[in-house]
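There are 2 protein chains.
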Amino acid sequence: MYKPKLEKDKRCPLEYGMELFGGKWKSRIICVLNEKKILRYSELRTEMVNVTDAVLATALKELIHNQIIQRVQYDEIPPRVEYSLTQKGQSVIPILQGICNWAGLYYQEESDKALKQCQKCNFRIP
Amino acid sequence: MYKPKLEKDKRCPLEYGMELFGGKWKSRIICVLNEKKILRYSELRTEMVNVTDAVLATALKELIHNQIIQRVQYDEIPPRVEYSLTQKGQSVIPILQGICNWAGLYYQEESDKALKQCQKCNFRIP
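Keeping their order, the protein sequence lines are chains A and B. So that you can map any letter, position 77 of the first sequence is 77 in this note's numbering, and since no number is skipped, the others follow by simple counting. So that you can map any letter, position 86 of the second sequence is 86 in this note's numbering, and since no number is skipped, the others follow by simple counting.
The following block holds chain A by itself, in its conformation from the complex (with noise of 0.2 Å):
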């Protein structure tokens, strides 16, 4: 696992949440995940569209470490690996239901109306 060689200046809880499910990667693969609930490594990178597979297996890595999603190995041939969020990782809907809500407010008045709604996930905005 790389470790940063200067321990990170995080001050304060809310930099520790953001470093956990914050950026587009991290928030778009718990939002997949919480709708499709169970997806494969391959299901899961053609969820996400536009993502190589450094940035995906990063974003990963980082996700699982932080107990955000659970990756579970079936020894099977061909093996069988599957994602999905854990316990840690659903109570983190709400929050990003509540960004969802708020920016569909500014992002409905300055953006194209026909993405108000998102496509992929199960969020509306009101």
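I should point out that these hints are in silico values taken from the structure, not numbers from a laboratory. None of the values given here were measured: they were computed from a predicted structure. Heads up, some of the hints might be wrong.
Each pair may be met inside one copy or between any two copies, as identical chains are not told apart.
Unchecked claim - Calculated lysine-lysine pairs in the DSSO-like style (CA-CA distance at most 27 Å, straight line):
hint	residue 1	residue 2
1	37	61
2	36	61
3	88	24
4	88	36
5	24	61
6	37	88
7	88	61
8	36	24
Chain A is already provided as a structure; the job is to place chain B on it using the hints.
Here is chain B on its own, set in the frame of chain A:
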């Protein structure tokens, strides 16, 4: 203003929201301005700790562009410039507080308990 060559793949208001206030620096700037209300650049830089001018200036530009922060310039000698949260910026605070509360539950288990309460902003872990 810097414009990326490729249209960003924003799929959902959530991702728009994450872009607006996500990440370490933007959320910290918003928290600090929420606590201090109005700050000059040098004061803000001091509050941020360990940030380079390039990083802080870029984050500020984006926050101003997205109407989270307002920059008011007074025509005095020497000129005075002040930064504060807009109404839109203030509406982000409950979201950050929600993330802070959520993260506090896990931060408590996983990190130094002395850091459980933010030293810089007014967020309190329940």
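Structure-inconsistent hints, enumerated in ascending order
As far as the earlier hints go, not one is violated by this structure.
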